[in-house]
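Enquirer: Okay, so the sequence shown: first residue is 24 according to my numbering, each after it adds one.
Check before you lean on any hint, since a few could be wrong.
As the list claims (entries may be wrong) - Pairwise CB distance ranges, derived in the manner of DEER restraints:
1) Pro-64 x Ala-126: 21 to 29 Å
2) Arg-56 x Arg-90: 28 to 36 Å
3) Gly-128 x Arg-67: 17 to 25 Å
Claimed, not checked - No more than 20 Å apart at the CA atoms, straight line, and that leaves these computed lysine to any residue pairs for SDA-like:
4) Lys-89 x Arg-116
5) Lys-89 x His-60
6) Lys-110 x Pro-41
7) Lys-89 x Pro-50
By construction, these hints were calculated from the structure, which means they are not laboratory data.
All C-beta atoms in this analysis are idealised placements derived from N, C-alpha and C, irrespective of residue type, glycine included.
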Amino acid sequence: MPIAELLKGRLGLAGRLPSQIDDLRGPVRGVIRLPRHLSWPGLRECDITDERSRRSLYGLLLAQGKREDIVRLVNGALLRQDWPRIKPSLEPRLGRQCERHLALGSQGGSGGS
Numbered sequence: 024m025p026i027a028e029l030l031k032g033r034l035g036l037a038g039r040l041p042s043q044i045d046d047l048r049g050p051v052r053g054v055i056r057l058p059r060h061l062s063w064p065g066l067r068e069c070d071i072t073d074e075r076s077r078r079s080l081y082g083l084l085l086a087q088g089k090r091e092d093i094v095r096l097v098n099g100a101l102l103r104q105d106w107p108r109i110k111p112s113l114e115p116r117l118g119r120q121c122e123r124h125l126a127l128g129s130q131g132g133s134g135g136s
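Model the full assembly from the supplied sequences, consistent with the hints where possible.
Expert: Have a look at this one:
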């Protein structure tokens, strides 16, 4: 196994986030099944079309998900749209890193980087 794979979990949030928001390829509708390491007993599915559930899911993924989980399950356009409501629920340092890394600035992600 390459050393980069072994260190991935030790790189912190910056190592778990994709290099740009366009890399987030999650679905825009439908029900997704959470990976076992992120699900609670009885809570394995999330309907992406339900805004409240989606925002909770995205917060969980950003806080605890692996890079592969974030890329596969978070949709960049929906994250940008929901960001003003997701950010306050995150640890402040995490919110700042997401904004910097994914260009989710205070204008709803209209900034570049």
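Enquirer: Provide an ascending list of the numbers of those earlier hints which the structure does not satisfy.
Expert: 1, 2 and 3
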